[in-house]
Amino acid sequence: MTTTHTLVAENLVLGYGDRTVIDGLDLLVPPGQVTAIVGANACGKSTLLRSMSRLLSPRGGQVLLDGKQVHKTPAKQLARTLGLLPQSPVAPESITVADLVGRGRHPHQGMLSRWSAADDAAVAEALDATETAGLADRPVDELSGGQRQRVWIAMALAQQTDVLLLDEPTTFLDVSHQVEVLDLLTDLNHARGTTIVMVLHDLNLAARYADHLVALTDGRVHAAGTPAEVLTESTVKTVFGLDNQVIVDPTSGKPLMLPIGRHHIRTATRS
Amino acid sequence: MLVLAALVVVVYLASLMIGKTFYPVSDVLRVVAGDDVAGASFTVGRLRLPRASLAVLAGLCFGLGGVTFQTMLRNPLASPDIIGISSGASAAAAFAIVTLSLGSRAVSIIAILAGLAVAVLIYLLSYKGGVAGTRLILIGIGVAAMLDSLTAYVLSRAAEWDLQAAQRWLTGSLNGAGWAQAVPVLVAPVVLTPVLLSQSRNLSVTQLGDDTASALGVRVDRTRLVVIVAAVGLIAFATAAAGPIAFVAFLSGPIAARLVGPGGSLLIPAGLVGALLVLVADLVGQYALGTRFPVGVVTGVLGAPYLVYLIVRTNRAGSSL
Numbered sequence: 001m002t003t004t005h006t007l008v009a010e011n012l013v014l015g016y017g018d019r020t021v022i023d024g025l026d027l028l029v030p031p032g033q034v035t036a037i038v039g040a041n042a043c044g045k046s047t048l049l050r051s052m053s054r055l056l057s058p059r060g061g062q063v064l065l066d067g068k069q070v071h072k073t074p075a076k077q078l079a080r081t082l083g084l085l086p087q088s089p090v091a092p093e094s095i096t097v098a099d100l101v102g103r104g105r106h107p108h109q110g111m112l113s114r115w116s117a118a119d120d121a122a123v124a125e126a127l128d129a130t131e132t133a134g135l136a137d138r139p140v141d142e143l144s145g146g147q148r149q150r151v152w153i154a155m156a157l158a159q160q161t162d163v164l165l166l167d168e169p170t171t172f173l174d175v176s177h178q179v180e181v182l183d184l185l186t187d188l189n190h191a192r193g194t195t196i197v198m199v200l201h202d203l204n205l206a207a208r209y210a211d212h213l214v215a216l217t218d219g220r221v222h223a224a225g226t227p228a229e230v231l232t233e234s235t236v237k238t239v240f241g242l243d244n245q246v247i248v249d250p251t252s253g254k255p256l257m258l259p260i261g262r263h264h265i266r267t268a269t270r271s
Numbered sequence: 001m002l003v004l005a006a007l008v009v010v011v012y013l014a015s016l017m018i019g020k021t022f023y024p025v026s027d028v029l030r031v032v033a034g035d036d037v038a039g040a041s042f043t044v045g046r047l048r049l050p051r052a053s054l055a056v057l058a059g060l061c062f063g064l065g066g067v068t069f070q071t072m073l074r075n076p077l078a079s080p081d082i083i084g085i086s087s088g089a090s091a092a093a094a095f096a097i098v099t100l101s102l103g104s105r106a107v108s109i110i111a112i113l114a115g116l117a118v119a120v121l122i123y124l125l126s127y128k129g130g131v132a133g134t135r136l137i138l139i140g141i142g143v144a145a146m147l148d149s150l151t152a153y154v155l156s157r158a159a160e161w162d163l164q165a166a167q168r169w170l171t172g173s174l175n176g177a178g179w180a181q182a183v184p185v186l187v188a189p190v191v192l193t194p195v196l197l198s199q200s201r202n203l204s205v206t207q208l209g210d211d212t213a214s215a216l217g218v219r220v221d222r223t224r225l226v227v228i229v230a231a232v233g234l235i236a237f238a239t240a241a242a243g244p245i246a247f248v249a250f251l252s253g254p255i256a257a258r259l260v261g262p263g264g265s266l267l268i269p270a271g272l273v274g275a276l277l278v279l280v281a282d283l284v285g286q287y288a289l290g291t292r293f294p295v296g297v298v299t300g301v302l303g304a305p306y307l308v309y310l311i312v313r314t315n316r317a318g319s320s321l
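Residue numbers (the working numbering), protein chains in the order written: chain A, 1 to 271; chain B, 1 to 321.
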């Protein structure tokens with residue numbers, strides 16, 4: 001399966017109350033690739049993601065999925081093509097894993113239609129892909145953080161969308177679980193060609209796993225392109241206001257950013 | 001669920017048979033079928049049948065409305081009888097009876113409107129860029145306390161002959177229930193249950209939080225509005241006919257959840273549990289205790305300890321509600 005959905009933001013303006021968060025942003029999400037969005041705290045990464053999935057109406061500009069405005073697309077129809085996993089989703093008390101993952105099928109069900117074989121298959125596949133099939137009957141609130149995140153991703157997978165947006169899918173996870181989640185998303189991208197857009201905190205993991213890296217600052221895209229093009233010393237300095245050094249990651253060949261603070265710095269490396 | 005439904009039918013029949021005079025099932029069924037049976041036709045047909053029917057219908061409404069609120073706000077404390085909707089209907093009804101000396105139909109209409117108005121008021125007071133469950137519950141409890149004291153004030157000024165009619169609005173009672181009270185309560189579940197059922201899948205997705213639910217294609221605000229209006233309608237109609245039978249709305253959902261287990265909609269099971277609770281409580285209140293108690297007293301005795309238990313458990317869990 002190859003996805004050819006195009007997701008584009010044009011001159012987008014977003015805000016809450018009298019605060020403008022995103023101001024005239026243009027963004028093109030390359031289809032069938034993994035895109036990571038990085039930026040300083042409160043630079044509008046999550047806001048952008050929410051608007052791209054119709055949760056927040058733009059003050060100006062538009063978000064287009066396959067040339068159609070997402071804010072004018074019926075919610076359920078959009079939810080069959082584009083999925084979103086919010087930053088800290090809440091599970092109802094004592095819901096089981098299978099039940100939670102099953103709710104991802106909602107956009108595929110009519111008001112009166114029964115649970116179908118296709119629904120069963122989608123849930124089973126999502127549980128398999130995330131290696132949570134063994135947890136199916138356990139209550140979600142008994143799981144560890146890493147397991148829980150895999151279950152939420154399974155729910156998003158059961159939705160079977162060609163485009164998947166994730167808001168910081170690795171938050172609150174230890175490093176091995178972070179890598180596990182990112183590997184899982186990469187598998188999904190390779191196997192199904194799912195277009196993935198995720199907000200990530202960790203610049204180096206973003207550079208490692210993204211095909212396309214987008215750096216936001218002041219409500220606009222500061223730089224976008226391959227990690228090698230975007231993750232440079234000057235970009236990090238502008239976007240995060242941090243002195244740094246970028247080297248080639250010996251493991252992946254991708255760029256690796258080393259922060260330079262005020263302490264513990266060998267004088268030779270200070271430029 | 002079938003077991004529950006069967007249980008409701010059995011207790012319903014039993015409550016038609018039991019009383020000062022016992023009538024066997026055959027007599028009761030003949031009366032229900034419309035035959036003339038000496039003695040039984042009046043006692044069962046005129047007295048017990050409307051009373052038991054009202055018990056079932058009011059219980060159904062309370063159960064459906066209660067579990068809807070609890071599901072929507074993801075909190076068992078968020079039941080309409082805790083957050084002031086029943087109190088609003090009660091206060092308005094007491095005022096209409098005592099101060100305005102209105103007839104029973106006008107009283108019902110005023111109670112329903114007041115229930116809706118209180119729901120809107122609580123919603124608006126707790127709206128702050130979206131409605132958070134905890135804030136709505138706390139505001140609702142405050143509003144309920146104010147309205148209850150209003151009811152008490154109105155009753156303290158009441159003339160003695162109004163008191164008995166008004167008293168039902170404090171505890172809830174099926175005494176003197178006739179078809180005039182029971183029939184309007186039939187309308188509410190017939191019209192509003194399909195509305196709730198049509199939204200039940202949306203509602204269960206809404207439990208995942210507004211963002212996730214929207215991403216799954218649910219129009220969260222619209223779902224919430226439809227569901228609130230339908231649930232308040234059920235509660236208000238039932239309250240108008242039988243008074244705020246204490247804690248039925250509050251207890252039905254959690255009991256149904258225990259019986260049904262996780263997964264699956266609680267809507268219909270909670271409605272059946274509500275019907276069963278009111279039927280049993282009314283039987284107990286009438287015959288088991290020597291003196292006759294209104295049904296609300298019995299359900300109150302059952303419900304209050306559960307309320308305390310819930311609050312204790314929440315405190316132990318360390319969360320703020």
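Just to be clear, a hint being listed does not mean it is correct.
[Stated by the list, open to error] Stretch-level coverage of chain A by chain B, calculated; a stretch enters the list once three of its residues show a Cβ under 8 Å from a Cβ in chain B:
1. 38-51
2. 75-81
3. 182-194
[What the hints assert, rightly or not] Quick list of simulated restraints, FRET-style, between CB atoms:
4. A:S88 to B:I311: 24 to 30 Å
5. B:L225 to A:Q69: 20 to 26 Å
6. A:Q87 to B:L125: 24 to 30 Å
7. A:A117 to B:V3: 54 to 60 Å
8. A:S252 to B:Y309: 28 to 34 Å
9. A:T251 to B:L225: 33 to 39 Å
Keep in mind that the hints were calculated from the coordinates and are not lab data. All C-beta atoms, glycine included, are put in the ideal place defined by N, C-alpha and C.
Verification of the hints:
1. 38-51: violated (count 1)
2. 75-81: Result for this restraint: holds, n = 6.
3. 182-194: violated (count 0)
4. A:S88 to B:I311: 24 to 30 Å: holds (26 Å)
5. B:L225 to A:Q69: 20 to 26 Å: holds (25 Å)
6. A:Q87 to B:L125: 24 to 30 Å: Taking Cβ atoms as reference, Q87 (chain A) and L125 (chain B) lie about 28 Å apart, which means the hint holds.
7. A:A117 to B:V3: 54 to 60 Å: violated (29 Å)
8. A:S252 to B:Y309: 28 to 34 Å: violated (55 Å)
9. A:T251 to B:L225: 33 to 39 Å: violated (53 Å)
Hints 1, 3, 7, 8 and 9, counting from the list given before, are not met by this structure.
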